[in-house]
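Undergrad: Sequence:
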Amino acid sequence: MAHWLFKSEPNVFSFEKLTAEKTTDWSGVRNHSAKLNMMAMKLGERGFFYHSNEGKAVVGIVEISALYRLDRSDESGKFGMVDIKAVEPLPRPVTLEAVKAEPRLAKMALVANSRLSVQPVTDEEWAIVCEMGGLVQRGAKRAKAPA
DNA sequence: GCCAACGTTGGC
DNA sequence: GCCAACGTTGGC
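Counting from 6, one number per residue, gives the positions in the first sequence under the numbering used here.
Hint data in this document are derived by calculation from the structure and do not stem from the laboratory. Among the hints, erroneous ones may be present.
The calculated SDA-like cross-link candidates involving lysine to any residue, where the alpha carbons are at most 20 angstroms apart (straight line), are [unchecked claim]:
1) 40 x 94
2) 61 x 98
3) 40 x 22
4) 105 x 27
5) 22 x 33
6) 40 x 7
7) 112 x 38
8) 61 x 118
9) 12 x 36
10) 40 x 25
11) 61 x 6
12) 112 x 136
13) 105 x 81
14) 40 x 122
15) 90 x 6
16) 12 x 97
17) 105 x 40
18) 27 x 94
19) 22 x 58
20) 47 x 22
21) 22 x 83
22) 12 x 27
23) 12 x 125
24) 61 x 7
25) 40 x 98
26) 27 x 112
27) 105 x 120
28) 47 x 71
29) 27 x 90
30) 83 x 94
31) 105 x 47
32) 90 x 50
33) 112 x 96
34) 112 x 47
35) 105 x 128
36) 83 x 33
37) 12 x 34
Here are the computed distance ranges between Cβ atoms for each label pair [as the list claims (entries may be wrong)]:
38) 50 x 112: 15 to 25 angstroms
39) 90 x 44: 13 to 23 angstroms
40) 59 x 35: 20 to 30 angstroms
In this text, a Cβ means the ideal position worked out from N, Cα and C, and glycines have one as well.
Based on the provided sequences and hints, a complete structural model is requested.
TA: This is the structure in structure tokens:
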């Protein structure tokens, strides 16, 4: 399963708002790389929700709840959207600063291609950010507690 | 509020 | 089809 990252300015559309509304269509994307990423998304795949400008942190987990389809707000007819739904907030938001400070995340699109609004996240990056955020993934190997 | 980075547009 | 100009994003 692939993983993703959605960026949003919290004063425009925050994770809290998504949680309250349960689900939303991710319309308004007008970038071809972001479009290609959305076209590759499958139902049930998960992504991070990142707050840009204010907060600058990964704050929650979302799930793809509807596949790519045309965005009717786009007059050119070229761009589309998926639906996402809120899954859960991160116990501890992972700030951009923390991501930049983690060498294993140096290639993450959030750092390397900061302007892309819908990004792919590798499995390794996903696991690292989840761990930093205080989420233990199902099936993930856990370090043994000290005796 | 500034400005660097990047994508898009449009003239040629 | 190239590339300069312009607009937008987003970190600082």
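Undergrad: Would you pick out the hints that fail for this structure and give their numbers low to high?
TA: Numbers 1, 3, 4, 10, 11, 13, 17, 20, 21, 24, 25, 26, 30, 31, 33 and 34 - these are the hints that the structure violates, sorted from lowest upward.
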